[in-house]
Every structure is written in structure tokens, then in C-alpha cells.
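Asks: Add 1112 to a position in the sequence shown, counting from 1, and you land on the number used in the working numbering.
The hints are simulated quantities; they were obtained by calculation from the structure and are not laboratory data.
If a hint is listed, it holds; no wrong ones were tucked in.
Distance windows between CB atoms, simulated:
id, residue 1, residue 2, range
1, Ser1223, Asp1160, 24 to 34 Å
2, Asp1153, Asn1131, 42 to 52 Å
3, Gln1169, Leu1114, 17 to 27 Å
4, Asn1136, Lys1203, 29 to 39 Å
5, Glu1232, Lys1116, 16 to 26 Å
6, Asp1222, Glu1135, 19 to 29 Å
Quick reminder that beta carbons are idealized off the backbone N, C-alpha and C, glycines included.
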Amino acid sequence: MLLKKTFKFDAAHNLTKYNGKCENLHGHTYKLVVTVEGKPDNQDMVIDFVLLKKIVQNEVIDILDHAYINDIIENPTAENIAKWIWGKLSKKIEEQGCRLYEIEVWETEDSSVIYRGEDE
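Taking the hints into account, I'd like the entire structure generated from these sequences.
Replies: Here is the structure:
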């Protein structure tokens, strides 16, 4: 079973390896969709939405929200942000008896990247 929870955060960045407008400092309201895979437990839940929210809030949102992401992630493309988030969440979610399935980072309302831990 797949379970999803959506989050938002505001942050600024600039792309250091890019030649164009996005090499300049700018910001986004990011949308983050975290997908967890697992079997329902004895409470018939893959993971409690409240617990998932707490993990993502502590490990990701509290760090990235209203931050200059370049201070946290080198060349913070949507791809690199998704990989960084995966690294922050994967073990924490496994500790809850399920598995991180997918991270989707929306940089704008029509542009996103999906990461499923391919490089791990």
C-alpha cells in the first residue's frame, strides 16, 4: 500500500552550475510529496499521518523553510533537493516499519522531480 502526505515550504536558492536566469538569487514556494510504502499494522495504518508529519517537519521543513538552500545543499536543483530529502527521511521512516517509496519536489506548479532512491 502507498501512503502520501503533502507539505509546502518557502526558500531561496541560486543554481551555481547553470547559465541563465536561475543562476541569480530567487525563491520558490516548494511543494513536497512524500510517499511511503508498507503494509497496514495492527492499527490498520501504514504509518500514522501525524507521525509522518512530525518526521518530515523535524528533518526537512524546519531546515529548508525560509532558508537560503545553497547554505545546505550544493547546487540546489530540484533533483539535488529531492536526493537530500531522501537522505534525511529514509532511515527515519524505516524505523517506523515501512519504507520511503518516493519523494516528489515541485519547484513550480507545473515543474517537479521524482526521486525513488536510485543512487542509494
